[in-house]
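Student: Start from chain D and add chain H according to the hints.
One letter stands for each residue in the lines below.
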Amino acid sequence: MTSANTGTEVGSFASRFNLQQYVVYLGFLAIFLFFAFMLKDSGFLTVRNLSNIVLQTAPVTIMAIGLVFVMSAGEIDLSIGSIVAVSALAAAVTIASYGMAAGIVAGLGAGILIGLINGALVAYVKLPSFLVTLATMGLFAGVSRSMTDLRSISVTNETFTGFFGSGSLLGVPSLIWWTVIAIAVGHLVYRETRFGAHVLATGDNARAASVSGISVPKIRLAVLTISGGLAGLAGLLYAGRLQAAKYTLGETDLMTVIAAVIVGGTLLNGGKGSIVGALVGSLMMGMLNNGLILMGLSVSDQMIVRGLIILTAVAVSLRDKSR
Amino acid sequence: MNASAPILQLQDIRKNFGGLTAIENFSLEVFPGEIVALVGDNGAGKSTLVKIISGVHPPSSGTITIEGKPVTMSNATMGRAHGIEVVYQDLALADQQTVYMNMFLGREPLNRLGLLDRRRMIDETEKLVKELDVRIPSAHATIRDLSGGQRQGVAIARATHWASKLILLDEPTAALGVAETAKVEAIAQSLKQRNVGILIISHSLDQVFKLSDRICVLRRGKQIGVRETKKTDKNEIIAMITGLQQQ
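Residue numbers (the working numbering), protein chains in the order written: chain D, 1 to 323; chain H, 1 to 247.
To be clear, the hints were calculated from the coordinates, so they are not data collected in a lab.
Using N, Cα and C, we set each Cβ at its ideal position, and we do this for glycine too.
Heads up, some of the hints might be wrong.
Stated by the list, open to error - Covered by chain D, according to a simulated footprint, are these stretches of chain H (three or more residues, beta-carbon under 8 Å): (1) 36-42; (2) 74-87; (3) 187-196.
What the hints assert, rightly or not - Quick partial rundown of chain H residues pointing at chain D, CB under 8 Å, derived from the structure: (4) 28; (5) 106; (6) 108; (7) 238.
In isolation and in its complexed conformation, chain H is listed as follows:
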């Protein structure tokens, strides 16, 4: 296991919506350089957890600790300020803007005159897409001219650029073909070297077993268990997801 301190620590997280309990007794640690997969059936509470970790919904009770410091967040801006970035399922890209404007959306650097520093945005974008091997025609390309895999690459590159602690990948390959899925998986693997924690939500168990170091299973808002990927198998995980014991 990883010897260093966890980058993200969730303790006894509980979330109620009115009288409904969406999440209860959820505890999880994510270490730097580690990929943790969050799996569960539809309605298990995965998206609620994404919203809690990204700061959109504060938990009803329990504590979130980032690098040993407990934090309270009530919107995504606060999550980002704590170094947590989310790659949303719909990617949250502005389709008619360029790649570099999307990379810096909402956080555009300014030059001495107080105007947009395009040179810097373009340079940093080109450097990053090269590092991550996201193959796009240019930083000037318009998002809608890119393929699904390229768009996903841009969204991940953006998260990588800004995340100092944790990247949340929400169904990163749900809409992609085989080759593009492999590419995105390779990018996700390469993020481990950046010493951030990675939390991936996926419906594909193949992908989960290929990428993750540990697997956390949710069912109906309850944490069923966390397994080290090397020490478990698909049958066990499926049984945990569905709640049906397999003989």
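Chain D extracted, bound-state conformation:
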């Protein structure tokens, strides 16, 4: 037991420091240097390639923000990939008949609605989020396939595609604007508001949160709704960037998003996390993808390497928890 309550910065630094929180930055740097060295003749270090990585990871980053809230509250959302496809298709179909505003409402609305369904089943029917979102993942994967009979729908509204993916403002691509704004707002809400504190408390110790007057069911409903809404936004970004929507959008993103969030220092069991860490984790996953392709790895080899990285991340995350 220490003898005095001095409140020194040393104490606060020691209590805040742990390997897991910083491993993402070290990992990011290591992978960056590795590729920069290995691929110096393959165009990895060009501005064009690096900015491409950021553009490509924007939807994953947006989804990762939602998942940080969900996992911090001790829940999980496996349905985000399916939400992306449903939202993108809903937006694309609606834009074609009713214009851009209706399309945005339809796309975001679909995401929020699915999130609300997930959240209500978890919060009020008291089903485990793992099973609920596993079911809705499959359910809405089916919905997205049946929506347009597997057909791809093109998005020709230029205002929409400019706003959500292909355009730029002040010389900065809109996808980067979306990433920066979403990270800034997400970080502020997560770290500096009562809601963020209550999310963390709920994931840390639901009983303690409950006897402290925090409405645990409301928090669970809210985080899953946020996750659904952000997955909906990711769907709009995909539709805007690719100028088309298809049921395959987001299909393979779930694993990448979970990996980004865990590598970024958010604990699987809740109570602790980082929005900025998730951004770096997401960029790291994008860089990894990009580098592995440039190195000429086959798709199957890429999947194996990514799987190994996720295993390592989970191992570090759980080791820290049992410290």
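Tutor: Same frame as chain D, now just chain H:
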């Protein structure tokens, strides 16, 4: 005895769960600055009483009066609104959050921008842990890095910060070592100066005799009696708890 009015008054409290009577004919007064111990064997109804006083369960009949005003409560939030704080046996702390966030859990102060007022939380936490002599490394420390005694100290400090009328301590030292128990007992003693009522539940008769001003004995949901600690002894209390007359 204390000349002032009781801070908490329970009158003819009865609690039924279905056909089962958990508590009957329970009456007790707690005065400001007084420590009352609630003792009884397992299943005597102590935890039911904690839930009634903290507001979690409303009593089936009887009245709860706080500073002369009868109150009805149906959840812990209402109990807290009446100035009653509970230090639960499991402490109800969020282990991965800081001490100051736990101090203000569910009641975080906000600044003018509507954001968490960390400065104020940290300052108030440091002031209080100093006053109560809870020895923690800093208000920034994470709960899981603290010892059992330090955690108990934080939980009591939190209750002290918010309780304007009554603090309920539910088995405050059950999981602690000798030195830490002594520390927590010293903190509990110091709470008397804050002019709140303190109700302590404990299995340790040594502790009860060391800390309390009066002892209330429960057996199988019935109130056996209340004794002034100075005018009784362990044998009498044990006889009251077990129901066996000692010769």
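Student: Are residue 106 of chain H and chain D close enough, Cβ to Cβ, to be under 8 Å, as the hint says?
Tutor: 3 Å, holds
Student: Are there three or more residues in the stretch 74-87 of chain H whose C-beta lies closer than 8 Å to some C-beta of chain D?
Tutor: Held - the stretch 74-87 of chain H has 4 residues with a Cβ nearer than 8 Å to chain D, which meets the minimum of three.
Student: Mind taking a look at whether chain D covers the stretch 187-196 of chain H? Criterion is 3 or more residues with CB to CB distance under 8 Å.
Tutor: violated (count 0)
Student: Mind checking the CB of residue 238 of chain H against every CB in chain D and telling me if the closest is under 8 Å?
Tutor: Status violated, d = 33 Å.
Student: Quick check on the hint: residue 108 of chain H CB to chain D CB, less than 8 Å?
Tutor: 5 Å, holds
Student: Holds or violated: the hint that residue 28 of chain H contacts chain D, with Cβ atoms closer than 8 Å.
Tutor: 23 Å, violated
Student: Examine the stretch 36-42 of chain H for residues whose CB is less than 8 Å from any CB of chain D, and state whether their number is three or more.
Tutor: The restraint on the stretch 36-42 of chain H is violated, since only 0 of its residues have a Cβ under 8 Å from chain D and three are required.
Checked against the numbered hints listed earlier, the structure breaks hints 1, 3, 4 and 7; every other hint is satisfied.
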